[in-house]
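Note that the protein sequences, when read in sequence, are chains G and V.
When we follow our numbering, the leftmost residue of the first sequence carries the number 33, and every step to the right adds one.
When we follow our numbering, the leftmost residue of the second sequence carries the number 85, and every step to the right adds one.
In short, the hints are calculated from the structure, not lab data.
You may find that some hints are simply not true.
[As the list claims (entries may be wrong)] In silico DSSO-like cross-links for lysine-lysine, where the CA-CA straight-line distance does not exceed 27 angstroms: (1) K73/G x K84/G; (2) K41/G x K120/V; (3) K76/G x K189/V.
As the structure is a computational prediction, the values presented were derived from the model and not from experiment.
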Amino acid sequence: DTAVSQTPKYLVTQMGNDKSIKCEQNLGHDTMYWYKQDSKKFLKIMFSYNNKELIINETVPNRFSPKSPDKAHLNLHINSLELGDSAVYFCASSQAGTGLNEQYFGPGTRLTVT
Amino acid sequence: GEDVEQSLFLSVREGDSSVINCTYTDSSSTYLYWYKQEPGAGLQLLTYIFSNMDMKQDQRLTVLLNKKDKHLSLRIADTQTGDSAIYFCAERYSGAGSYQLTFGKGTKLSVIP
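Excised from the complex, chain G in its bound form (with noise of 0.2 angstroms):
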């Protein structure tokens, strides 16, 4: 079974679009988050959310919205793509508290804009 999952897999779209990326896990952690990865690997924090708390980086353009139904579920929503967002983003999970923290990550989104 697909411990944390995404979808969809591969996204194009066009500039000044809205569209969403979802993730579920089925692990029972309480803690979720998402990533960017650009064309150079490089990996940042996005966000990270739990039922008490959201913790956005600061860099993050408020355009990017994170939107929780329910703990198994952190969904990202984006408003007016544009072509620097092309990336993979990834969605994790872990259980908070403090033992090992271990982040399970999803396969990735792969977005382009054009």
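We have chain G; now place chain V onto it with these hints.
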């Protein structure tokens, strides 16, 4: 803020040892991690070390931690072509009441047959 540095590329011959180095800034980090990303896939935790340890060995993998210099390394013995991937060093830090990870830029390991 927290910063993790690692070299971007490493090329080794099959059967040799690979050593990937990383430096970090947060001296209070309790866990340090190595994640592996194979082409077209997400990251997977490869190994980790707790901050009160100097070394951890797991089969072909050896992690060394020098807390004084804030230096972490990953040694892969008898490197195989299947080890070709990007390896990310990460440190855990506490931010706004929860733990976050800061990842390095990743080291692309290429194994030459």
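Legend entry - Non-conforming hints, listed in increasing numerical order: 1
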